[in-house]
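*Asks:* Fit chain B to the supplied structure of chain A, relying on the hints for placement.
In order, the protein sequence lines correspond to chains A and B. Residue numbers for the first sequence follow our numbering, beginning at 224 and rising by one. Residue numbers for the second sequence follow our numbering, beginning at 3 and rising by one.
Just so you know, the hints here were simulated from the structure itself, not pulled from any lab data. In this text the structure is predicted, and so the values were computed from the model without any measurement. We put the beta carbon where it would ideally sit given N, CA and C, even for glycine. Take every hint as true, because none was put in to throw you off.
Once the Cα atoms are required to be at most 20 angstroms apart in a straight line, the calculated DMTMM-like pairs of lysine to aspartate or glutamate come out as:
1. A:Lys-321 to B:Glu-56
2. A:Lys-321 to B:Glu-60
3. A:Lys-301 to A:Asp-277
4. A:Lys-272 to A:Glu-289
5. A:Lys-294 to A:Glu-243
6. A:Lys-272 to A:Glu-287
So, partial list: chain A residues that the calculated Cβ filter (under 7 angstroms) puts toward chain B:
7. Asn-255
8. His-266
9. Leu-267
10. Tyr-320
11. Lys-321
12. Ala-326
13. Gly-327
Cβ-to-Cβ under 8 angstroms is the rule here; a few derived chain A residues that face chain B:
14. Leu-269
15. Lys-272
16. Phe-274
17. Phe-313
18. Ser-317
19. Leu-322
20. Phe-324
21. Gly-325
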Amino acid sequence: AQSVSQHNHHVILSEAASLELGCNYSYGGTVNLFWYVQYPGQHLQLLLKYFSGDPLVKGIKGFEAEFIKSKFSFNLRKPSVQWSDTAEYFCAASNDYKLSFGAGTTVTVRA
Amino acid sequence: SAVISQKPSRDICQRGTSLTIQCQVDSQVTMMFWYRQQPGQSLTLIATANQGSEATYESGFVIDKFPISRPNLTFSTLTVSNMSPEDSSIYLCSVAAGTGAYEQYFGPGTRLTVT
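Bound conformation, chain A alone (with noise of 0.2 angstroms):
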């Protein structure tokens, strides 16, 4: 079974500053890749997905992510962060149709 793992599992940020969520998957081959965003009290939403082509994928809300397949990686980037970006964060990956998930990471942000 495929795994992926999420680096940080709690990260707090002040508004305006950089934010970076890292994300490793485990397994080879044909790789789709995905982040969920889950804000206070709302359903899992997706943020943004890669399944091929340009590794710099741009999502909603000014939400980035980098595939950089040497690594097994799909970081998740955006460059200045609102109070309104507070929520848990999934990445999520899978090479059929289904996802498997990292255990979220909880992005606080102080106004």
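*Replies:* Using the frame of chain A, we list chain B on its own:
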């Protein structure tokens, strides 16, 4: 994307009883999935439900405990049977949609507490 609703949104149940969770999608989809999110943990896939075939369960999950129905392309149910406090979790359904149907969109979840 797809719009997914779940019922109930939350419930408190007695040990030994069963609860059926409904998942409704606003468009026809081939693949639906059921996940469990235990307190403070990530999502774990319970099973894949395709219309017209038996659900496929992941390791550690069995049909007797989590029977699933998929009567049509817009609806599925998950039953949590003979519940114990360890079944207290958020249960989510998702559907495969979007690019090549590899993207998954999630419902709001059902928060289950077993006492």
